[in-house]
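Residue numbers (this note's numbering), protein chains in the order written: chain A, 1 to 427; chain B, 1 to 427; chain C, 1 to 427.
One thing to keep in mind: the hints can contain errors.
Stated by the list, open to error - DSS-like, lysine-lysine: derived pairs with alpha carbons at most 30 angstroms apart:
#	chain 1	residue 1	chain 2	residue 2
1	B	43	C	407
2	C	407	C	396
3	C	43	A	407
4	B	407	A	43
The set of hints was computed from the structure by calculation and includes no laboratory data.
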Amino acid sequence: MYDLLQKLFPICRSLTGQGVRETLGIIADHIPLRQTELPTGTKVFDWTIPREWNIRDAFIANADGRRIVDFRQNNLHVVGYSVPVDGWFSLEALQDHLYSLEEQPEAIPYVTSYYAERWGFCLAHRERLKLQPGQYRVVIDSDLSDGYLTYGECLLPGESQQEILLSTDICHPSMANNELSGPVILTWIGRWLMSEPRRYSYRLLFIPETIGSLAYLSQHLDTLKERVIAGFNLSCLGDERLYSCVSTPYANTLADRIVNQVLPHLEGRHQVYSFLERGSDERQYCSPGVDLPVVSVGRSKYGTYPEYHTSLDNLDLVTPKGLAGGFGYVRRCIEVAEMNRIYRATCLGEPQLGRYGLYPTLNIKRGAFSMATLRNLLAYADGTNDLLAIAGITQKPVWELSELARKLEGIGLLRVVEPDSMTRAMV
Amino acid sequence: MYDLLQKLFPICRSLTGQGVRETLGIIADHIPLRQTELPTGTKVFDWTIPREWNIRDAFIANADGRRIVDFRQNNLHVVGYSVPVDGWFSLEALQDHLYSLEEQPEAIPYVTSYYAERWGFCLAHRERLKLQPGQYRVVIDSDLSDGYLTYGECLLPGESQQEILLSTDICHPSMANNELSGPVILTWIGRWLMSEPRRYSYRLLFIPETIGSLAYLSQHLDTLKERVIAGFNLSCLGDERLYSCVSTPYANTLADRIVNQVLPHLEGRHQVYSFLERGSDERQYCSPGVDLPVVSVGRSKYGTYPEYHTSLDNLDLVTPKGLAGGFGYVRRCIEVAEMNRIYRATCLGEPQLGRYGLYPTLNIKRGAFSMATLRNLLAYADGTNDLLAIAGITQKPVWELSELARKLEGIGLLRVVEPDSMTRAMV
Amino acid sequence: MYDLLQKLFPICRSLTGQGVRETLGIIADHIPLRQTELPTGTKVFDWTIPREWNIRDAFIANADGRRIVDFRQNNLHVVGYSVPVDGWFSLEALQDHLYSLEEQPEAIPYVTSYYAERWGFCLAHRERLKLQPGQYRVVIDSDLSDGYLTYGECLLPGESQQEILLSTDICHPSMANNELSGPVILTWIGRWLMSEPRRYSYRLLFIPETIGSLAYLSQHLDTLKERVIAGFNLSCLGDERLYSCVSTPYANTLADRIVNQVLPHLEGRHQVYSFLERGSDERQYCSPGVDLPVVSVGRSKYGTYPEYHTSLDNLDLVTPKGLAGGFGYVRRCIEVAEMNRIYRATCLGEPQLGRYGLYPTLNIKRGAFSMATLRNLLAYADGTNDLLAIAGITQKPVWELSELARKLEGIGLLRVVEPDSMTRAMV
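Pulled out of the complex, with its shape left as it was, chain A reads as follows (with noise of 0.2 angstroms):
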């Protein structure tokens, strides 16, 4: 993953334009992946795809012609979607169209302007401090054009039509905690998930944050809500302190039980962010009349760590332990949706589980509080609760649950409950 990242971490991304082309394309060599493209000018709910943005080159240079901001050293130099300049300026008049930190003098923040014309450059406030008053060359070699929006999606059938969403953003350019560690983490989910069984269909999104959300949701909004079961935004994976999620507005879903089940079990600190907190295509997702069960799920949380949105958010803050953990936690999201199934004692009362083999036939002291957790599993399987409402009764993991009623239904003493046969009774 973290050579995807190494090469995914220069090109310049955005919105919309070749740098989301070419990182789709690199994406694609991993796994299959069908790319769209909406025209300019289309209408996604409130939103209008915006123009196309491409850019070639920027920098500002002093008198001399030496660049002293330069594009091709750090593409965070160019505010995203500036519009094309080409003159000189005066200290004074550029000062409008600088963009720093007072309080981070060493990064260069990562400014956009999707929505207003615009152009600017960024850069480290240790470096604007040292501009001399005097004639600056401006360039920025770009253009904004009608063209198209573009995103990827991959989707992997399994045995039920119901699906699992799985949905990152490629539009920011040279960071990798946000977003780089996303689509990478997402690309390995898919390698993984196309190499195993799977119970639900998965559909994987590399999206263009916002307005690309929009633009999938005004597509596919029937189709998602008539399949969706559960969903995961992935975005800011990659670093070692944390692990978090966002919950959906009322927190209340089969999302938010599947993180809250996994959290805990991760090695290290976590939190779960309230919706108050969203900020990511959650925002979209969850949306009044869309109303996906859709959580966001991260490490340090986008706009809670100090590199967020700067170019300290580099290739030191995001390690390959890092991503590996992040990997680790969405499999496990991904692990606990398959197995979380509603079982069904076959049997009215208590089995007699020495006749299996799972108890012991000699009653010596405790020996009834044995095996407490099989027998509570058939205790609580009474066909309405799924593997996660006896994990939360019962205090286990419900991977510990599953593993057990796999178990007991192989020997015929639980049986799998579909959710729509809830309703039949007993026998």
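Fit chains B and C to the known structure of chain A by using the hints.
Okay, now just chains B and C, sitting in the frame of chain A:
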């Protein structure tokens, strides 16, 4: 308000009689008041309208003819509903008819005997101890005879037939907090409501406690059950110590939700009492089968402050500032009822707030987290939450949300959902 | 009760056999008991009635013929359901058949092997350590042959066909708390119930643990599911240390509500255990598809006290005072079930309590707050709350409320609502 309170203070009110009529007459100088008279003997649920009580004079005089307890000095000196008496009594015989408070030796207690024939005098315990053995002339020039129970009501129609019920008691003699603060504030609330556009209709009741609310309910129950969406019983609203409410039996009505929103934002301490600590007309409004959504609103609650039901509940305890605070509390409850609407977002997904000037077009660091309250309002405006619910979720005051909601309604991003159409599908 | 316990103590009981019959015979001297015998081989759900076990004698003798372990001295010395044996064994060979507790060297453990053929002896670890190498004569004069499983039941009809289920185990040999306290107390409960008017019918079961409750359920499940409104499994009720219960799976049945009301008012400590800590016949009564509202009631719970399942669970551990406390606990649960009615106020508004002598006619200070419990009962008697619910709201014991309710019913201010008419409109 304080002037009105001073004017009403000396009048000798009781369950019935001229004092009540005189009080209603003065209130009617400020708001349109319809007065109703119910004849003695009328059955109201388990009760019967008692005889009308009127009193002209009463005193205890010593052998020298000097009045040592004098109704003309303080109408609390006579037990309410005392039967007439005129005779000479030894101190010993008189003692059975005297009421005083050992623990508050300077206070004249407030005592009534509405439903059992008695006569009696109330006096400061310190005065009582000064009484010398001997003969005393005792006169109560009262009469108890068939007459009427009188109450006043003021109906202020609004856009909707749905009503807010406001009720207060006019049966207490010269006490300022319990209960002239209620009638005085309700009069001013009436004046204020008359000057405002009203979404709801308002029913203002000035009634004698218990028998008056029962009488009113027995005549208007069906109408009230059909129309009243929230009610407030006003009692003890004029001191400066505290703001409080008494919840409905299950603390789950719109009225409860309103006071729970308003109380924490008032200046100073506040306290929510359970229905188990009720004591005023909420006892009747919330009784089984009546079940109106009526809370009691007050400052220091009846029964909890030392001056309660004594001559110390006077014009020192109630202040202009205290009354203004009580008025502000009730007005704020009404304002919250008026503004508490259900809104629904008009578009799917988040709207493009930048288009409406509601979101920065430049994505500077942490910019994504600006306009949080407005965006949270949109996120939870799903046609099921009223603004009070969203206030609870977002921990923002409902008036801040309401202002934003009207702004968003103005630019077409929200629309009002009438509760009866809440089940219609999202478009 | 203690006499009965002493009489039953020496009998060698097991799942089946003469000891059970003899025990039931003695209980039948006190209450009418119908005994049922189910033949060996009968299928009961996932189980099969085992062969009947009877034992006449058993011992280990040393080379001198001296009995060093003797069934006649304590029937715990033989592993329950031991197959017959008669032979000479070296100490080494014998060790595989000996059971003792290192951590309780003076206690003979209680061991059974109902469903796997074995023979064995139990002895104090201290005695075991004294055994010298050599040959030992080992005799168990038992037989395991087709026969019957025996249980007793006592049905006490009441006004209603709705039933309270009371169940206890009669399969333990000479141990006093687990489990002679249960049968002895249930016998006395039966005697007491016979002497009382009964609103509900009562079903008292004296059964062998697990297989007995399964057998009974397999024969009576439909009847039980139709009639039982609450049930109590009696186990370990005779010591003086604690009062406890084991809740139903979701801790939400009438039986749970009853024990939660009763426990805090018993003298001494109490503890509520979750269903996860179950261990007696509540395991069967509450199993999926059976779903009877049965809690376990006890004093120190099985498995939690050091004497449990050893010879130390004897007539020192169980005391007359302990049994009396256990009896009182169970009786109080039954009394609460009997008194727990739904009442509805007969008039709208508060009744005029002064008319009934239930309220002071003189309004002296704070007088309005007298009779609070009676008035709270009236305020919440809305035809939906049973007395247990009102006890929860008012934090008053249900028996205090019941006494007031009967008083109010007597003067016509409350009337009983049958649960099936709860939806009828208030008049």
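| task | Compare the structure with the hints numbered earlier in the document and write down the numbers of the violated ones, lowest to highest. | result | Checked against the structure, no hint fails, so every one of them is satisfied.
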